[in-house]
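Participant: The residues making up each chain are set out below.
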Amino acid sequence: MSQLSASQTKLAVEDLRVEFTSAGRTNLAVQGVSFHLGREKLAIVGESGSGKSTVGRSLLRLHPATARVTAKTLRFDDIDLLSASEKQMQGIRGRRMSMIMQDPKYSLNPVVKVGEQIAEAYLAHHKVSHQEAKERALDMLGKVHIRDPQRVYQLYPHEVSGGMGQRIMIAMMVITDPQVIIADEPTSALDVSVRRQVLNILEELVSERDLGLLFISHDLNLVQHFCDRVLVMYAGRVMECLPAADLARAEHPYTRGLLSALPSLDFPRSRLPVLQRDPLWLTH
Amino acid sequence: MAMIEVQSLNLSFGTGPALNQVLHDVNLQVEQGQAFGLVGESGSGKTTVLRCLAGQYQHWNGALQVNGQQVQRKLDAAHYRTVQMVFQDPYASLHPRHTIDSALKEPLAIHRIGDRDDRVCEILRKVGLNDSFRFRYPHQLSGGQRQRVAIARALILEPRVLLLDEPTSALDVSVQAEILNLLADLRREQGLTYLMVTHDLAVVAHLCERVAVMQGGKIVEILDTGELARHEAQHAYTRLLVQASRDMNTHNIEQPSACLAL
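In order, the protein sequence lines correspond to chains A and B.
Numbering-wise (the working numbering), the first sequence opens with residue 1 and increments by one.
Numbering-wise (the working numbering), the second sequence opens with residue 285 and increments by one.
Any given hint might turn out to be false.
[Unchecked claim] To give a feel for the contact side, a few chain A residues facing chain B, derived at Cβ under 10 Å:
#1 Arg75
#2 Ser107
#3 Pro110
#4 Lys113
#5 Tyr156
#6 His158
#7 Leu259
#8 Ala261
#9 Asp266
#10 Pro268
#11 Leu272
#12 Val274
[Said to hold, decoys possible] Reference excerpt, derived from the structure (chain A facing chain B, CB under 10 Å, subset only):
#13 Ser48
#14 Asp191
#15 Pro263
The hints are simulated quantities; they were obtained by calculation from the structure and are not laboratory data.
Every residue gets a Cβ at the ideal spot worked out from N, C-alpha and C, and that includes glycine.
The following block holds chain A by itself, in its conformation from the complex (with noise of 0.2 Å):
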């Protein structure tokens, strides 16, 4: 974007690709996929296997090595992210740039209280003591409106609900003060009331830090009203980026047909129009 500064550009990428070979065959997930991301909300949505996943976890080199990412530029901050090196990563990872899953009965290890994961992980990250890390864990835990921290640090993941264990994996990516969050898709394991909560959670640490999101969904509606940008996403490719506000008139044929698939209940309709794929799409 022009109108930002290059100290305020926390992440650039530039024509990325990424493709995945198996069995002898390769697979292009991704391509020419640019942007950049500010301090800013900006969503990526399309239709699962449109590559927006791909793109989150290129961006933390979370790929197996059979994956071939490229691109022209690739940059965190001022770091190359396709030349840093391991242990530069590591550094990164979770500590400057970090990711909420899905699904936190997924992602949150089962055998292991609550609490103590999230002060697991500012331990990878701070050299403070044990008990130390522990009052940053509780107090994150109220900073994400836990009501009881106390009690809730003493749960393992089974014993919360699913809006809880997202709330808690906020809590655990964003006590390392990071400058980027990719949220893979983290309201869409939740219900219409939690999800509120939750949003206003992310909107709240967006405010208050320097804070860059960028939220992966396939919820149009919800990206609507909750992000600044939207990139929309189909076959792995870009199919067109505009401010959230202009989402209602996109003028792209993919993202309209993903707008009107939507039952609505102020409008309906007998039968939900069926989203028709033009392959001249991947050509332009």
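Given chain A, put chain B in place with the hints provided.
Facilitator: The following block gives chain B in isolation, referenced to the frame of chain A:
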């Protein structure tokens, strides 16, 4: 005639001080051919009601009737010929090492029904798939195709009632539209009765005529989905849900025509 009747259904887990009552006097009636939605947040007990009807819990109190028959604690095969369930996650509800063919034949084998090959082909066509899917494994199918198979597996016993537990919440919006259209078509063609659990009010408004709103194991309100859209909900919690859903919803777009097929 009411197809499903639930009268003062109570259910609790644990004993003594750990006693946790999850359903409090739940009453509802679903007419023959009706689509009835159950909404509420996680933990409100909506899926638990379905599970009692599906026989996954046996220690409930109250009276359950399906198709005029009392639902017993131990369910017989006849009950399952009438009532089938479709689960939320098509990735988890199909056996990864069974082909679609054997997944669909299993209920037929359990109920000792013949003509299995013909029935499998027919049901696949009904849910918009074809014979070429028969000998594939679930991992070779997309999420939407898997959910079609899950619906086919429920329908192969020709039930009268489908219990739908968040049938589209694991799917993309574009695929959700396909599955909702399929469910609407199947209901019309076969006169099915649906009891659907969901947290998405827009989905309920689209598919169902009536909806019960649950909170903390109680039904707080039962109303027509038309009333929901017309702001006629009485209970504060229902209004909250409607508001939460509206906040996320915008349909100020005109219907694009070029790229859509109806």
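Participant: None of the hints should be skipped; say for each whether it holds.
Facilitator: Now for the hints, and whether the structure bears them out:
1. Arg75: 31 Å, violated
2. Ser107: 16 Å, violated
3. Pro110: A/Pro110 check fails; min Cβ-Cβ to chain B is 17 Å, beyond 10 Å.
4. Lys113: Hint on A/Lys113: violated, closest Cβ of chain B at ~20 Å, above 10 Å.
5. Tyr156: 16 Å, violated
6. His158: 14 Å, violated
7. Leu259: Constraint on A/Leu259 satisfied, holds at 6 Å.
8. Ala261: 4 Å, holds
9. Asp266: Result: holds, 6 Å to nearest chain B Cβ.
10. Pro268: Holds. Min distance 6 Å.
11. Leu272: 4 Å, holds
12. Val274: Hint on A/Val274: holds, closest Cβ of chain B at ~5 Å, below 10 Å.
13. Ser48: Nearest chain B Cβ about 5 Å off; hint holds.
14. Asp191: 4 Å, holds
15. Pro263: 4 Å, holds
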